[in-house]
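Modelling step: build the complete structure from the supplied sequences, incorporating the hints.
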Amino acid sequence: MATILAYTSPALGHLLPMSAVLTELANRGHEIHLRTLSHGVETGRSLGFATETIDPGIEAITQDDWRGSNPIAALRISASVFGRRAEREVDDLAAAVTDVMPDALLIDVNCWGALCSAEAGDTPWASFCPYTPLLRSRGVPPFGMGLRPLPGALGRARDAVATAALLAPLERFGRRPLNTVRAGVSLPPVKSMDEFLRRAPLLLVASGKPFQYPQTDWGDTIHMIGPCAADPGDDVVPGWLANIEQPIVLVTTSSEKQGDAELVSTAIAALADEPVHVVATMPAGELTGLSTPANATLCKYVPHGLVLSRSVCAVTHGGMGATQKALNHGVPVCVVPYGRDQFEVARRVEVARCGTRLPAKKLSVSRLRAKVHEAMTMTEGARRVAEGFAATGGAARGADLFEQRVLAVTDSK
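For the sequence shown, our numbering begins at 2 and goes up steadily by one.
Any given hint could turn out to be false.
[Stated by the list, open to error] Only pairs whose alpha carbons sit at most 25 angstroms apart, straight line, appear in this in silico BS3-like list of lysine-lysine:
(1) K258 <-> K362
(2) K258 <-> K301
(3) K258 <-> K363
Keep in mind the hints are simulated off the structure, nothing from the lab. Just so we're clear, the structure is a prediction, and the values are computed from it rather than from any experiment.
Below is the structure:
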């Protein structure tokens, strides 16, 4: 059996889905070592992984893309954050490799420096992406703005203009720090993020069709393996949850700060007189100052799987983890995107007809109530997406691919 070193960015929303694949590999007898954010160490150890923190200096470079005035501005901020972290990740991963002496690596797609270090090294490796990657595919609009796919010549023309006017300048901004890091480990520069992400011998994407557009084709080295849902602590049902008798609407915000607390207060107000019980989680928000009616419960965290098994709808900020987890349970969603990849998530929900989309700038009590009601009628679309996720083979398929395409390289040496 092999020794595998996994390395994540300081984001719980990246650790948890990756841990689904790591757990599958551990169950097959492989020894898992993990470097992750400080708040994730206990989670990693509870899953049986030999877990330590990443360099605290990396975690100190916080994600502040919520300050961006528009989606592209927010993505520029993210690129700056990833670039600054990358400088530290190179040495941090090298130190972990020296310590663990792994047979193979699994690297979070947001860890630009660790990806470069892995590419420059001798240890077989793969990358893991818990969101729709910034890859090009014919018929799929450029990433970032949540554009609806348009077929034919009109769509190709619009996508070309959007790429040249919006995405290309963003990529130039991100390439500068990335190529500086690549030069530092004697790697050639890349001309696009698409080229950079395709440097991985294997890229596992935590998603699947028909949530992803049917025309999506990323090539033979990139594989969708479903949402990779992981819910630490889902073996114990809290008493307060067991006592809820009404159908549940789950409301959740980002696990990284982004100014989306108004989603919870608006949802509570919108559904206060409805025959449902709102369960709202705010992993990165402040719970104080929010009033809750009798049909609402507010908490920092509860395993979403426990709630979704009794839910009729999920209201999310558009994070891939929460949104896909709901759909994986066959629960339709109402997505209120604020930034990051959330505009892309919301558009995919709308196109797949597994829920509704309400941009944050249009959020109001009445509009949200109407969108939740509409989403509740879309159970058939949610069921189709859940079936599509299952058809990917899930974390087990991800482990198969890792063994076949990464560990097989180790065995052949």
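Handout entry: Structure versus earlier hints - violations, ascending order
Key = none
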